[in-house]
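Trainee: With the sequences and hints as input, model every part of the structure.
In the order they appear, the protein sequences are chains A and B. Quick note: the first sequence, position 260, residue 260 per the working numbering, numbers continuous. Quick note: the second sequence, position 192, residue 192 per the working numbering, numbers continuous.
It is possible that some hints are incorrect.
Derived DMTMM-like pairs (lysine to aspartate or glutamate); straight-line CA-CA distance at most 25 Å [unchecked claim]: (1) K93/B / E184/A; (2) K93/B / E131/B; (3) K93/B / E174/B; (4) K216/B / E64/B; (5) K183/B / D207/B; (6) K93/B / D185/A; (7) K198/A / D185/A; (8) K216/B / D25/B; (9) K130/B / E184/A; (10) K130/B / D228/A; (11) K216/B / E165/B; (12) K130/B / D176/B; (13) K7/A / D134/B; (14) K216/B / E174/B; (15) K10/B / D25/B.
Sample of chain A residues with no beta-carbon within 12 Å of chain B, all distances over it, derived [claimed, not checked]: (16) A5; (17) G133; (18) G137; (19) T150; (20) V187; (21) Y275.
Among chain A residues calculated to face chain B with C-beta under 7 Å, some are [unchecked claim]: (22) L177; (23) A181; (24) E184; (25) D185; (26) G193; (27) V194; (28) N195.
Note that these hints are calculated values from the structure, not bench results. For each residue, glycine too, the CB sits at the ideal point set by N, CA and C.
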Amino acid sequence: MPSAASKHLLFILAPLVVVFALLPGVYQNHLLLFNFVIFLILAQGVNIIYGFTGYLPFGYVGFFGAGAYGFAIMVMHLQWPAVLAVLVGGVVAVLLGLLLTPLLRLSGAYFAIANLAASLAVLHFVANPALEGITKGPYGVSLTGTFNPTHAYYAAVVVMGLTVGAVVYLKNSAFGLALQAVREDAVSASMAGVNIVKMRVIAWLASALIAGLAGGIYAWYVSVFYPDNVFSGEFSIFAIVFALFGGVATITGPIVGVIILYGIYNLIGFTTPQYFQLIYGLLIMGLVLFLPAGLVSLATRRGWNVP
Amino acid sequence: MSPEQTPILKVSRLVKRFGGFHALDGLSFHVTPGEILGLVGPNGSGKTTAINVISGLYAPDGGEVTFDGASAGGAASHRLVHRGINRTFQVPKPFLSLTVRQNIQVALAYGGATATPPSIAELLDEYRLKEVADRPAADLNSAQQKMLDLTRALATRPRLLLLDELAAGLNPAELDWIAGRIKALASTGMAIIVVEHLMGFIEQITDRVIVLNAGKEIFEGTLATAVREPQVIEVFLGGEHAH
Ligand SMILES: Nc1ncnc2c1ncn2[C@@H]1O[C@H](COP(=O)(O)OP(=O)(O)OP(=O)(O)O)[C@@H](O)[C@H]1O
Ligand SMILES: [Mg+2]
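Mentor: Written out as structure tokens, the structure reads:
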């Protein structure tokens, strides 16, 4: 299906990257744009692990925070250049993912809870005052040497492009099909010859890598942060809600989810923060009850083929 | 059946326990390439369990499975699939939200077939799935889902095929048709084990049957002989009365 893949690259990935590359020139709130890009990355990372394998990563932020600290440690102690330190952030997240692979033996809510617990454990490890010499413990990190929000923003756009590209690959390859098969019925997938453990681990590590790179870039962008900032459960919850709202196991669903929900979040959050929690909460409930396959399923139900 | 051929599958003194319950209790048999072996027995006698152990879903608690001269007991399912074992499920298990075509594509891509597998077009055509090829498997009726299970298995080019009540629920015309297909597969050298309650169907296609009761073999031979065995009659009548 090479033609479908090139269509997806041309009509979804390319416009997305171009728009976010150009927006800083015309829109002044760069921090908001940066946060949009970070959530686009994280929502697609959730899409890869949840949409394609069925594991709901309630502790997804663990990889993000690990990436941020991987970045910070390289910059603080070894004075590595930012781009390389971001890559290290990705590697640290993958190592954490490897450490957590036994969680993949759990299913459903057990996995989600264990993953949440794991992310809290990593937070407390990093924030431990005994590790002050390495992580600065609870006192937070200040990385003035690499501070360059413009470069960090474009690095985020690049990682977003690669992440969406990975999802395009999953949507159009036998590998992605096999992942969906594992999600649908692991026993039948094994009878199709699929090594289900290997597939799950690959998807898990890929989503860890994505969050780790995003975390490293986030650290680069903000430069000053505390453990609670980069391990905030809000990252996990938002990324999951955005992906679910738009529709997982699609390319466009998480993108639509981030743009609409994060857009609404910022609109309501700025003008009438007191109503935000209420409206957002109702929206999520309604979504789970009436639109479990996300917004794009409205179109799919009409027989339109939404990638 | 050609008795001089070496068996492709040998099962010896196979034991499978669930808790303290012996679902398989020292089962031994073999099947040779090109042979259609019937596996019959009352409900709960261990037929599906035998298939599950041979296809790697369960590790045996005792005994041995030898496939193609090498041990196969307790190996991972996907490895056994790559080595040439495949099966259908008593309750079909397609990938429901994938299309029929995609269901088969997964097996073609990952089945590790050593010889050229049949093409999707051939499989769709031969197993009457052409009209529904681009529909999600969830839209199929149960007979079609069974055929989809079968095409998924065939896409991996198995040398041993285990059919768990494939014919149950088919109408007489469909039964004749699928009997023909199974025989055609065996004539290519594929060894086939058929689990079925329909004795007419078993009679029509098998060379030999194993009668199972409580996880043990109680008879081996042709179905015509089996139905005259007092022990076999007893087990089947007992089983029927129990329901
Ligand atoms: N996973 C399992 N856990 C516990 N008990 C099981 C399990 N699978 C099978 N059994 C038990 O093992 C026995 C054999 O079951 P099996 O499914 O092999 O029978 P069968 O011969 O295929 O019957 P049927 O003709 O009804 O399909 C039954 O008593 C069943 O309840
Ligand atoms: Mg059975």
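Trainee: Let me make sure I understand: some of the numbered hints might not hold for this structure. Which ones are they, in numerical order?
Mentor: 10, 14 and 20
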